[in-house]
Amino acid sequence: MVPISHILILAGMIFALGVVCVFAHRNILMILIGVEIMLNAAGLAFVAGSMRWGMPEGQIFVLFLMAMAASEVSVGLALVVYLHKRKRSVNIDDFNEMKD
Amino acid sequence: MLLQTGFIYFATVIVVCALMVITRKNPVHSVLFMLPLFFHVAGIFIMLNAEFVAAVQVLVYAGAIMVLFLFVVMLLNIQKERVRPRVGLKWTFTAPLGLTLFGFLVAILVRSQYNGTQGSFTIEAVKQIGNSQAIGQVLYTDFLFPFEVASVILLVAMVGAIVLAKKRLD
Amino acid sequence: MPSFSMDNMVSILPEMIVLSLALAVLMFDLALPKDEKRYLAYFSVAGLAIAGYQTMNLAGLQLDTFYGMFVLDGYAIFFKVLFYIAAAIAILISIGYVKGQEMDKGEYYALILFATAGMMVMASGADLISIYLGLELMALSVYILAGFMRGSMKSNEAALKYFLLGAFSSGILLYGIAIIYGVTGTTNLAGIAAFIQSGQYSGPALTLAMILLVAGFGFKVAAVPFHMWVPDVYEGAPTSVTAFMSVGPKAAGFAAFLRVFTTALPGIQPDWTVIIASLAIMSMLIGNVVAISQTNIKRMLAYSSIAHAGYAMVGFVSGGMQGVSSVMMYLFIYMFMNLGAFGMVVMLRKDGVAGEELKDFAGLAKKNRTAALLMMVFMFSLAGIPPTAGFMGKFYVFMAAIDAGFTWLAIIGVMMSAVSAYFYLRVIMYMYMKEPEGEFELAAPLSLKLAMAVAVLGVLYIGMAPAGLIDFARISIAGMM
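Protein chains in written order, with our numbering: chain A, 1 to 100; chain B, 1 to 170; chain C, 1 to 481.
A few of these clues could be false.
To be verified - The calculated EDC-like cross-link candidates involving lysine to aspartate or glutamate, where the alpha carbons are at most 16 angstroms apart (straight line), are:
id, chain 1, residue 1, chain 2, residue 2
1, C, Lys154, A, Asp93
2, C, Lys449, A, Glu97
3, C, Lys154, A, Glu97
To be clear, the hints were calculated from the coordinates, so they are not data collected in a lab.
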């Protein structure tokens with residue numbers, strides 16, 4: 001059995017990479033991909049916890065998480081497609097009409 | 001021993017793929033590198049004796065979400081990210097951010113202890129009846145309520161996607 | 001064979017009513033012709049009234065159902081009533097606003113109802129899984145609502161920003177939950193508390209998880225420094241959606257935030273008290289100070305709602321029966337006054353265009369005394385001037401802080417409140433002392449008038465007789481404390 005701390009560290013690494021992806025890109029699709037990576041990292045942590053504790057919550061939650069991630073992605077991508085139709089761009093800097 | 005090498009292999013591929021996803025300029029390449037990432041995460045799930053979750057991971061993440069992304073990237077004909085002068089610095093800021101975040105997480109996670117007794121969903125018990133059956137036994141009893149809420153979320157997503165993007169015929 | 005007691009069905013009766021309502025709206029939408037969608041709105045409000053009646057029937061129960069996933073107690077019922085009223089008023093405000101526009105669709109009302117159902121699940125969740133899924137249901141519905149005005153570039157941008165930042169923050173929240181699960185082995189709130197109590201745990205991971213949870217929830221309730229999305233999203237979204245967004249999800253966020261922290265994490269209370277107190281101070285400070293420079297009413301109200309989240313957090317920090325009940329009362333009052341303020345913005349149409357700038361309010365008093373009077377009441381209430389409910393809300397929150405030993409926090413709150421008077425009273429000054437600049441046309445269908453009447457009655461009645469509400473709040477949480 002792999003010790004849980006190893007998997008949690010791996011999950012932490014992936015989570016950090018996801019956060020970097022969100023912050024480093026101006027392309028909306030890349031930002032969404034970053035969020036997906038973050039969600040996956042959390043899922044990894046959940047299943048690791050489930051194995052270590054012998055409780056089903058982790059795996060069940062990962063199932064719900066995938067359903068929810070799929071929903072979020074469909075709404076997000078629908079929005080992206082529509083925005084592209086209106087402005088021919090998926091760069092977040094082009095969507096800045098409101099200023100302080 | 002086998003388990004350890006397996007874990008090291010999966011972990012390395014996952015991290016390398018994630019790095020490639022972040023650093024590619026071409027969005028199509030990024031999305032394509034996500035695929036091995038998801039497959040290897042599924043591999044780790046199998047190592048953790050969660051075969052059902054691994055299968056769903058492949059089906060949903062690799063099979064649905066990534067396909068959606070690929071569709072959109074191809075449909076919108078996203079060009080390589082145009083390099084604008086001021087974002088040339090982005091890596092000098094975000095790379096240290098990522099490293100500190102990771103270091104922070106590792107430091108905290110390593111120092112914590114994971115004590116406590118095991119529950120009844122142990123690997124041996126699951127191996128007896130199979131992961132799918134074990135999950136099924138709890139999913140529709142203990143976790144019925146979140147299950148139903150998740151189904152409403154899916155409905156809302158359908159309504160939302162149509163509301164936001166469908167061509168208006170009037 | 002596990003048994004399924006009827007208690008389970010009784011406890012989710014409110015959610016079932018609201019969800020059935022939403023589904024019915026989606027179906028009837030197919031049968032109604034394009035111009036008659038407002039019947040769906042009337043139908044929804046009637047349904048919400050029925051749900052409210054049923055929920056009040058269930059008051060006094062303490063049901064722990066669905067294997068610890070869902071709990072129906074006084075706390076949950078209080079918030080559900082809040083959500084019904086918020087949704088009903090928001091729907092009434094919307095009827096006139098969406099008429100004749102591309103927004104006049106059945107899905108609009110269905111989404112508001114879905115969001116309400118999500119909020120109700122959040123308030124009743126006794127397990128991090130339920131709370132998270134309720135939060136996602138609500139959030140997804142509101143992302144879509146924010147982008148509903150497809151023709152407006154601002155609305156599209158608002159939906160985009162809200163969506164991206166919302167997805168990011170929900171990822172952070174989820175990771176925090178994952179760490180808690182990894183450390184304690186359970187996602188059940190009571191179970192987590194028991195685990196921490198038993199002392200088996202050691203190490204900093206729990207504090208990290210707590211910080212991540214604060215970040216995730218802080219985004220939802222628009223606390224500084226997680227407030228970046230608020231001004232743009234509030235300004236860009238259709239005003240009736242902003243009205244709903246500023247009260248419903250915020251109250252639901254607080255409901256879940258409070259329950260998670262007071263039920264699951266009392267073991268590390270000293271840690272999170274400090275953090276939330278700092279968030280409260282920053283929110284009151286930044287919200288009020290930046291609002292001063294805003295000329296767009298929606299943006300001003302956006303920063304004002306950041307500040308109000310700060311005031312609510314002062315009550316949160318105080319904790320205990322007094323603190324929690326003061327937060328609940330504050331959110332209830334805030335719901336009335338904020339919906340009222342946004343409703344007045346919806347009502348105002350200047351030269352055919354929706355009036356969103358401060359100067360659009362100039363001289364309103366001369367043209368329509370009632371409208372100006374209503375707006376004045378709402379502005380007074382937001383500023384916390386007696387005898388309005390806003391004053392009472394702040395009074396109870398600051399009293400709770402002083403009684404809990406956070407006197408300095410209360411002092412900062414009062415000071416910031418005084419600062420806020422500047423921009424609220426500025427609106428009143430524009431209405432009464434400036435000359436009207438264009439043609440006023442108040443789009444005030446009966447539904448909007450009704451909504452405003454309810455809001456102003458709520459504000460004035462609670463302002464003069466707050467005992468009823470505070471007792472309702474205290475009785476609701478009697479079992480919990």
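Quick rundown of the hints versus the structure:
no.: 1; hint: Lys154/C - Asp93/A; result: 14 angstroms, holds
no.: 2; hint: Lys449/C - Glu97/A; result: 33 angstroms, violated
no.: 3; hint: Lys154/C - Glu97/A; result: 7 angstroms, holds
In the structure shown, a violation is registered for the earlier hint numbered 2 alone.
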